[in-house]
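Engineer: For the protein sequence lines, the chains are A and B, in the order given.
Take the first sequence: its letter number 63 is residue 246 in the numbering used here, and every next letter is one higher.
Take the second sequence: its letter number 348 is residue 531 in the numbering used here, and every next letter is one higher.
Hints listed in this document are in silico derivations from the structure and should not be mistaken for laboratory results.
Check the hints yourself; a few may be wrong.
Each pair may be met inside one copy or between any two copies, as identical chains are not told apart.
[As the list claims (entries may be wrong)] Here are the simulated DSBU-like cross-link-like pairs (lysine-lysine), alpha carbons at most 35 Å apart as the crow flies:
| # | residue 1 | residue 2 |
| --- | --- | --- |
| 1 | K295 | K417 |
| 2 | K405 | K241 |
| 3 | K287 | K348 |
| 4 | K446 | K527 |
| 5 | K245 | K417 |
| 6 | K415 | K242 |
| 7 | K466 | K271 |
| 8 | K348 | K417 |
| 9 | K224 | K201 |
| 10 | K405 | K245 |
| 11 | K417 | K242 |
None of the values given here were measured: they were computed from a predicted structure.
Protein chains: 2
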Amino acid sequence: MRHDLEGLKSEQACAILKELGIDAWLVWVRETSQMADPVLKLILGNDLVWQSALLYTKKGQKTAIVGNFDADAVENTGIFDHVIPYTKGIREDLLSQLDGLAPKSIAINYSKTDVSADGMSVGMHILLKELLEGTTYQTALISAEELVGRLRGRKIPEEIDRIQKAVDITESIFDSCKPFVRVGMSEQEVHRFFHDMMLQHGVTCAWQEDHNPAVDAGPDKKFGHSGPTDNKIKSGHLLHFDFGVRWTGYCSDIQRMFFFGSKSDVPEEITTAFNTVRDAIQKASTFIKHGRKGHEVDEVARTYVTDHGYEEYQHALGHQLGRLAHDGGTLLGPLWERYGESPKGVVEAGNVFTLELYVTTENYGQVSLEEDIVVTKSGCTFLSRPQMDLVCIE
Amino acid sequence: MRHDLEGLKSEQACAILKELGIDAWLVWVRETSQMADPVLKLILGNDLVWQSALLYTKKGQKTAIVGNFDADAVENTGIFDHVIPYTKGIREDLLSQLDGLAPKSIAINYSKTDVSADGMSVGMHILLKELLEGTTYQTALISAEELVGRLRGRKIPEEIDRIQKAVDITESIFDSCKPFVRVGMSEQEVHRFFHDMMLQHGVTCAWQEDHNPAVDAGPDKKFGHSGPTDNKIKSGHLLHFDFGVRWTGYCSDIQRMFFFGSKSDVPEEITTAFNTVRDAIQKASTFIKHGRKGHEVDEVARTYVTDHGYEEYQHALGHQLGRLAHDGGTLLGPLWERYGESPKGVVEAGNVFTLELYVTTENYGQVSLEEDIVVTKSGCTFLSRPQMDLVCIE
Numbered sequence: 184m185r186h187d188l189e190g191l192k193s194e195q196a197c198a199i200l201k202e203l204g205i206d207a208w209l210v211w212v213r214e215t216s217q218m219a220d221p222v223l224k225l226i227l228g229n230d231l232v233w234q235s236a237l238l239y240t241k242k243g244q245k246t247a248i249v250g251n252f253d254a255d256a257v258e259n260t261g262i263f264d265h266v267i268p269y270t271k272g273i274r275e276d277l278l279s280q281l282d283g284l285a286p287k288s289i290a291i292n293y294s295k296t297d298v299s300a301d302g303m304s305v306g307m308h309i310l311l312k313e314l315l316e317g318t319t320y321q322t323a324l325i326s327a328e329e330l331v332g333r334l335r336g337r338k339i340p341e342e343i344d345r346i347q348k349a350v351d352i353t354e355s356i357f358d359s360c361k362p363f364v365r366v367g368m369s370e371q372e373v374h375r376f377f378h379d380m381m382l383q384h385g386v387t388c389a390w391q392e393d394h395n396p397a398v399d400a401g402p403d404k405k406f407g408h409s410g411p412t413d414n415k416i417k418s419g420h421l422l423h424f425d426f427g428v429r430w431t432g433y434c435s436d437i438q439r440m441f442f443f444g445s446k447s448d449v450p451e452e453i454t455t456a457f458n459t460v461r462d463a464i465q466k467a468s469t470f471i472k473h474g475r476k477g478h479e480v481d482e483v484a485r486t487y488v489t490d491h492g493y494e495e496y497q498h499a500l501g502h503q504l505g506r507l508a509h510d511g512g513t514l515l516g517p518l519w520e521r522y523g524e525s526p527k528g529v530v531e532a533g534n535v536f537t538l539e540l541y542v543t544t545e546n547y548g549q550v551s552l553e554e555d556i557v558v559t560k561s562g563c564t565f566l567s568r569p570q571m572d573l574v575c576i577e
Numbered sequence: 184m185r186h187d188l189e190g191l192k193s194e195q196a197c198a199i200l201k202e203l204g205i206d207a208w209l210v211w212v213r214e215t216s217q218m219a220d221p222v223l224k225l226i227l228g229n230d231l232v233w234q235s236a237l238l239y240t241k242k243g244q245k246t247a248i249v250g251n252f253d254a255d256a257v258e259n260t261g262i263f264d265h266v267i268p269y270t271k272g273i274r275e276d277l278l279s280q281l282d283g284l285a286p287k288s289i290a291i292n293y294s295k296t297d298v299s300a301d302g303m304s305v306g307m308h309i310l311l312k313e314l315l316e317g318t319t320y321q322t323a324l325i326s327a328e329e330l331v332g333r334l335r336g337r338k339i340p341e342e343i344d345r346i347q348k349a350v351d352i353t354e355s356i357f358d359s360c361k362p363f364v365r366v367g368m369s370e371q372e373v374h375r376f377f378h379d380m381m382l383q384h385g386v387t388c389a390w391q392e393d394h395n396p397a398v399d400a401g402p403d404k405k406f407g408h409s410g411p412t413d414n415k416i417k418s419g420h421l422l423h424f425d426f427g428v429r430w431t432g433y434c435s436d437i438q439r440m441f442f443f444g445s446k447s448d449v450p451e452e453i454t455t456a457f458n459t460v461r462d463a464i465q466k467a468s469t470f471i472k473h474g475r476k477g478h479e480v481d482e483v484a485r486t487y488v489t490d491h492g493y494e495e496y497q498h499a500l501g502h503q504l505g506r507l508a509h510d511g512g513t514l515l516g517p518l519w520e521r522y523g524e525s526p527k528g529v530v531e532a533g534n535v536f537t538l539e540l541y542v543t544t545e546n547y548g549q550v551s552l553e554e555d556i557v558v559t560k561s562g563c564t565f566l567s568r569p570q571m572d573l574v575c576i577e
C-alpha cells in the first residue's frame, strides 16, 4: 500500500495546527478494525490494534507510539519521523514523548457537531485522562474539531482528482443504465444492474449497498434510506436514483430523475417541479464561494423552492464529500437543532459539496436532484454534469 | 436483508438486562457509515444517519427513535415494537419515551477495557448529557460493559454455526494451498492465492486485507501486523500463516505452520518448538471451561512454554471471535497494564475463543499456531481441526 496522499494530509495537519496556534494533535485509538476514528483513513490508512498515540505538532514533528506488532506497518508508511513500539503499556512512552514536545495545547478528536471529528470513544477518553493525571497535559486537552474540519474540508489536488474520477464513473454508469431500464422492471433489478456495473468499473459503494443506489419508482415510494423493493416501473411515472461510488477511497454522490414516456408526455406538474429543483441548485451554485456561511447557501435554495409554492425540503442542501459520502465539517443546511453548529461554519476554497434537494408533486411523488461541486475563491466548479432535463425513456 | 439473527440478539439483550437488574439500555449513535458503534451489527445490521436512540428494557420493550429518512429501513427489520421518526430534533421524542419507561438505570456503551462495548463517542456523550440535563435520567447513566460483554460473548446456536462455517472455509483454503505453495514463491504470491480462494468461496477478510493472511517465510521475517513482502520461500525454512475469513458476518482466525522439505529433514529445533506450541494449546484447551477466569487459562499455556525453556509470548493466549476477529469481552491474557480488566473476566459457555501462541527458535524464527474453540459447561469443543504436525511440502 502506498501512503503518499496520507503523508501529504499529515503535513497539511501540521500546517493547520500552526495556523490555529495549537501546539499538538493527539490521535488516540485502539483496535481500529472494530471502530475506527474517521481521521485515520485520511492520515494513516492502516488499522492499529493496541492503544496507539499519533502525535503531530505545529512544528511539523510526527511521532507514532504503537504496539510492537503494529510498528513495522506504521514504519513502512514513511509518514512518521519516529515510530516507537511498546509491549506492555503505552503510558511511559506517551508521557516521555509529551515531555519532549512540551505542548501547552493538545487537540483531541471530539465534537458535538462534526461526526468526522468525533473519533474518540468515551472509554478511550477516560483512559487518556487517567494516563495524564497529575501532569500539566491534563488541562491542555482541547477539541480538534476545527483542525479536523479544515483538514478534511480543504481537499488537495490529488483528492479532487480522485473525487472527479468517482463522479465520472458514476455518470458513466448512469449513461449505461439508460438503454437498460424499461417499464415493468423492478427497483431491485435496476439496483442489481448498478452493482454489476460497479464491479466492472472496480469501484465500491459510497454508502451501505442495500440502499445504494436508492431506486425509487413511481409516486408511492418514500425516498430516504430504505432499499429498493419489487415495486415496478410504470409508463408515465418517474424513476429516482441516489447513487455514489468510492474510487481509491474517495466518493461521489449524485441523484438523477428519469421519466418513462416521450418528452411530450411529461405532465406540466413534473416539468415545473423538475425545473424548480434544477434552478434552485443552479441558484445556490452561483451564490456559493469561499467565505459564505453554510446556512446562507442553504437559504438561497430553500427560499427559491418556497417562493415557487413548494414545501421546503426536510434535509440540508449539501454536505461535504470526500473519503466519506457525508464528509463532515461545514454543512450547507438550515439552522435546525439536529444540525447543531455545522451550518454556521464557513465555506472554504477546496471544499467539495453536494447540492441536493427535492420538491413534492401532488400526483407523481418527489422530484429530487443532486450535483457535486468544488468551491473556489470566486465561486464553484461542477464536478458532475448537472442534469438540466429529465431523462425520458420511451 | 433478513434480520432474524439481529432480532434474536435484541431479545437476548433484554434478557441480560433483566439478569443484571438494569432497567434500560440506550444505544445512542449518528452517521454510522462514518464510525459505527460495534454493537450495531449485532443487534440491528443497518446504518443510521441522524442521531438515533435505540432503547431496550429488561421487560423486553424495544423502541427506536430515528431520523425520518431512516424510519422505513428500521421498521422493515421487524425488530422494534415502536419506531418513532423525527424531523428536526430528537430531544423531545427521546425524553417522552424515557418518561414512558421511567428507567432508574440506563446502560450506555462505554468501557475502558472492552473496545466492542465502547461504541459511544465523546461528542455524543456530551450531547446526551446536555439532552438529559435537569432530568433524573442524567444520574441514571451507567456503563453497558457487562451487558455488551455477555451479549457478544454468549453465542446463540445460529452464531456458532456461522463461525463453524467460516472456520471450515478457512481450513478448506489451507488445504487447497498445500499443492500450490512451493520453494521460490514470494509471500505476496501466496497472499494473492488466498485472496483468489476467498473470492471463489464468497467470503471476505476477517481483518484488514493487506495483512490477511499474514504470510511469513523464513527466519528473518518479523511476525505481527505487517503485510506479506517479496521475501521468498526457501528449502529447509518454515512458512507461517495467520488467516481469517468472514462468512455472513462471522469470523474465523487460524494460524498454520508449513515446512519446506521432507518430514525427515525437519530439524529437531523446529520439532521441539512446534510440539511445545501445539501441546501448550492442548493444555489450555483441557483446562478451559465455564467459570474459569481469563488470566488463569492464559497462565496454563504461558507456564507450559516457560517450563520448556522458551521466552513467554508477548500477547494474550486468546481473544473472543464472532462478528469481529477480536470480539471483545473476557480475554485469555496475562494481567498486563495494556489488557486492563479484560483478563479478569470469567469465561462462559457459548464463548468462542482463539487459542494462539508462539515460541522463538534460535535459527528458524518463530513457530506459531492458532486454533478456534467454543467453551462448554464442562470444557470446550474445537471448531478448527488442531494442527498436530508440521505440514511438510517437498
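Engineer: Does each hint fit the structure? Answer for all of them.
Structural biologist: Now for the hints, and whether the structure bears them out:
1. When the C-alpha separation of K295 and K417 is checked against a cutoff of 35 Å, the pair qualifies neither within a copy, at 45 Å, nor between copies, at 55 Å.
2. Taking the closest pair of Cα atoms, K405 and K241 come within 35 Å of each other only across two copies (34 Å); inside a single copy the shortest separation is 49 Å, beyond that limit.
3. For a Cα distance limit of 35 Å, the shortest separation of K287 from K348 qualifies neither inside one copy, at 42 Å, nor across copies, at 53 Å.
4. When the C-alpha separation of K446 and K527 is checked against a cutoff of 35 Å, the pair qualifies neither within a copy, at 42 Å, nor between copies, at 71 Å.
5. For a Cα distance limit of 35 Å, the shortest separation of K245 from K417 qualifies neither inside one copy, at 59 Å, nor across copies, at 38 Å.
6. For the identical chains of this complex, K415 and K242 are neighbours neither inside a copy (60 Å) nor across copies (41 Å), given an alpha-carbon limit of 35 Å.
7. In this assembly of identical chains, the alpha carbons of K466 and K271 lie at most 35 Å apart only when taken from different copies (25 Å versus 59 Å within one copy).
8. For the identical chains of this complex, K348 and K417 are intra-copy neighbours only, at 33 Å inside a copy versus 43 Å across copies, given an alpha-carbon limit of 35 Å.
9. Proximity of K224 and K201 under a CA criterion of 35 Å is satisfied intra-copy only: 22 Å inside one chain copy versus 40 Å between copies.
10. Within a single copy, K405 and K245 get their C-alpha atoms only as close as 49 Å, which misses the 35 Å cut-off; across copies the closest is 24 Å, which meets it.
11. Taking the closest pair of Cα atoms, K417 and K242 never come within 35 Å of each other, the shortest separation being 62 Å inside a single copy and 46 Å across copies.
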